[in-house]
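Two chains, two frames, some hints: make the complex.
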Amino acid sequence: MAEQSTATPDRKPAATIGDERLAHQSPIQRLMARPALGAFAGVVLVFAFFGATAGNTGMFAADGMMSWATVSAQLMIVAIGAALLMIGGEFDLSVGSMIGFAGMMMALPTVYFGWPVELSVLFAFAGALGIGFLNGLITVRTGLPSFIVTLASLYILRGLTIALSVLFSNRTIVSGVKEAAGDSFVTWLFAGTVGNSFFVWLAGNNLIDRLPNGEPIVNGIPMVIVWALALAIAAHIILTKTRVGNWIFGAGGDANAARNVGVPVNRVKISLFMFTAFCATVYAACQVFEFGSAASDRGLLKEFEAIIAAVIGGCLLTGGYGSIIGAMFGALIFGVVQQGILYTGVPNDWFRVFLGTMLLVAVLFNNMIRRRVTAER
Amino acid sequence: MTATDIRPIAPTPQPGRALIEVHNLVKHFGPVIALAGVSLTLHAGEVHCLLGDNGAGKSTLIKTLSGVFRPTNGDFMVEGEQVSFGSPRDALDRGIATVYQDLAMIPLLSITRNFFLGREPVKWRVGPFSFIDMEHADQIAREEMRQIGINVRDPQQHVGTLSGGERQCVAIARAVHFGAKVLILDEPTSALGVAQTSMVLKYVRQLRQKGLGIIFITHNVRHAYAVGDRFTILNRGKTLGTFKKSEITLDRLQIMMAGDKELQQLDEELGGTV
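Read top to bottom, the protein sequences are chains A and B.
Counting from 1, one number per residue, gives the positions in the first sequence under our numbering.
Counting from 378, one number per residue, gives the positions in the second sequence under our numbering.
Chain B extracted, bound-state conformation (with noise of 0.2 Å):
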């Protein structure tokens, strides 16, 4: 993807460098233990996928990265500096993006609105209003979903109009396009079909080629599995380890993230199916 002519885009990390570097993170939430010190490193150009059962505390872990909790204890560090966030947009000045499975994209604005809802690029101000340079936006928009390899036929269609995995996509792309070197990606490909779960991976796996950090959670082992350079699985609010792809199956991978033994079994019952 060639960086467009409006926005210095990051510089893009050198790869293996540590993006994202948090240890013995710790989130209570009254007398609720939700994170009970979970480490995690990021490097450029990895895919890193963050596996759990629900209640294992991805989201909790993903909300802090993001800057939308502030953790109760532990480190965090975004390359190699110590931070601590108020607010997402803090997160998102540093260049950690996160994009929701659901809460993405609104389906009634045009795909041009949605890609720089809250950016709009200006053209001239009046008082407290800018105006909003809508041809450049929907010159930059096209040509965004064009390189994601989305036709679209007007930058001005509701986003309504899109697939489940385009959005996706579109969501992804906006956040790339503004600077973002670690994307957090909550289930991009839970609600999808197929052919359009293979449309996602694609494009992550092409961003990280880009030298960008991806934290990719989910519960589909195999999705994970296809993409992820490394697994960090979350059971109970803490971490049962890093693996390398090398250093692990899938197989194993699945039977970790259901907390081993009950699995197992109902596997054995089922016939491996599972």
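Chain A on its own, in the form it takes in the complex (with noise of 0.2 Å):
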């Protein structure tokens, strides 16, 4: 490049041309270069697959897909927050736990001390809130990797979880709260569902099947749905459109180097372990309030799961690239294949062979577009 001369003077002004050697790349090459690309691949395998071998079995009726939309909404929740932090350059082990802790956080002062639903639900979001926020501060003050870090706080929540249980109700599923909530609104705003006309409508035109007693056998799209594409959006919207979301991508990429230019990359990371903490608890008010209880092991692995989908959908583990529509590919993959697995007819044992494969399988294939973006020798 050093023969080139650093003056034209035929040059045209920069607002009226669009670079002529753009045509070089294909929208191949260009599509080549996406994070979600991958995973994207991966969705149509999958449906290919299950479409073949269980497109008959009611998979991919009404009440099929609903089943795994709401598998997958649920990892989905938790994969956005995990795979922002990773691009962000930190893992949370802690998420599975917090979705345990979280629930207690809203069912033991619900059920035990008699807070309203509603005061006992922002406790809970206070409180995990409060814990990614240490999760954070430990990891940048220390400058520990957030692995070891969070690792701790599996163990501790987790704990935490079960002794408080024991300690005010005497067992380890805390019940009840369904009865305390009433017809609280929060009771609609994690376990109800939206759009249940156009179901009635739907069944109405013989567009789904009924249940004996003439209603849709499905009677509206779960609240878990929403919170997962509604987060998604929002997710995707800041890492790709905003100025954090440059900062989270810079403090994923090299964290020296945004310190340099001026990116608050503490804050970033502090606030990114609480946006996962927030969504473990979003998951954590969906189960609680489709239940009605609380459960000191629920969410157990989930951590690991929201990792796995958010690095099928293109994420590095290294930090600084990745996306949010790829991790929703991710945990897509995941829904599909784990309840697709029970109408197929497969052992269930299978699904973790199938994800353990996946996962190495979009490793390898991470680390080819990595080398191909970045051009690396």
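20 Å max Cα-Cα, derived SDA-like pairs, lysine to any residue: (1) B:Lys440 - B:Ser464; (2) B:Lys615 - B:His405; (3) A:Lys241 - B:Asp510; (4) B:Lys621 - B:Ser416; (5) B:Lys500 - A:Ala234; (6) B:Lys440 - B:His405; (7) A:Lys241 - B:Asp531; (8) A:Lys241 - B:Gln533; (9) A:Lys241 - B:Ser507; (10) B:Lys500 - A:His236; (11) A:Lys241 - B:Trp501; (12) A:Lys241 - B:Val499; (13) A:Lys241 - B:Phe508; (14) B:Lys440 - A:Gly262.
These are computed hints drawn from the structure, not numbers from a lab.
Dropping the structure here:
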């Protein structure tokens, strides 16, 4: 490049020309540089597979679709948090324990202290954000790998969940939340459905099946799906369109370089830890209000599932690269396979084998993509 | 380089005016004396090379100038005004920008995102979130690249696809675009090949003509001699002296930088090839 002269007198103003060299990069090459590409291919593959093997089993009927969509949405909620945090260069292994703990923070005050359910939910969110803040603060202050810091939180929170639950209720499942909540809007917010009339209309026109009593087999879209989509849209926009998003990429790509140009890296990272905790609490609330109880083993292993979904979705473990759309695809693959296996009659035991394989393939693929993108030699 | 439209670029300083003056700068880290009284003056429109072997205090000095460290003692003036920087941000606000050798760019981010990282142009805001005016940012990034002589196909391509020299130039162009009057370049050529180095040196010379003050840190005397107007040699935390180009030869510089005797001896043994 050194031989190029620095001034070309006949240069046209930049505004009027698109760069003619842009044409050299084909649309396929541009697509290849997208982090979500691998996950998208995975989604196509998974749907093709189950379409062929379970196409006529009801997996793609309204109720079947709702079942895998719900499972996917649940994971999506935590995967979105994990993906943003991973792009920001950190991990949170305490997501699963946070789900259990946040559930307890809602259920115990409601059932045993007689708090209004709305207050308990607020309390749980505040508590979770506080713990997320601590995770982040310890990580950025000590410079320890977040892997270790949040591994500690994983144990502490799970232990606290069980210990507090036994202390107050003498058992590990706290039920009675539904009764205490009554018809509070909180129940609807986390466990209700939307679009009921649409499904009634669908059933009325024989587009979906009806129950024996004439009601549609699916009576609405569960709020957990609404939460997943809302969080995904918000996270995607923040990541790709805003300054904070650019800072997240910067903090994960090279924290020192980002600091040198004035990015508040620590603040960004701490906020991301708080966001994963927020996502975990949303997940917890959806479960608590769906089942009417909090159980101390809720969310077990979810931290890994969330990370797997993010990685399948193209997030690099080293940070600085990835997308929310990819993480959504990752969670979708997860949900479809988990539920789809039930329809195919393949023993459920194979689910984890598949998952592990998928993860390995995704990581290898991501590595290849990264080399291509950064032209690493 | 014509001024771009969004940001008022700092008024070009008159050539010859002192931009940075430090007198007897001292920096201790506990019992370690990293700087034991360093003095240096940087004028507008000059390339001031800072030479010294490892451990001479170069890094400590530039980190002090760029606001990373607070000096333990001594005077630090920017354009005649006494300053005390608490963070690199403060230094940036006074027009002192530092481009670090390896920490300049983030390979996984696009050129545009790198260029504007930390100072993204804002289109509108919603609550705490400011939306980036990406189109405008792309346009500026492309124009800036073109002016350095780097042809980018697409400013959204990842910085990892640029060569080392190009990355350095982009990092420097970024600092200039955001109003730097003083550029501190930390070993900008040490990891580069010959063609890449000449690209960077050419760009440095171009910036000097525009009236910027440039502190050029290197331990390659040849690179320094190619662009430098003045040379300050550091040794064990002290200045051995400042010389104009007309006052000193390349060989003499080399010898002084290495702490005289030993290298001179070695040089003779190796037949003048060091």
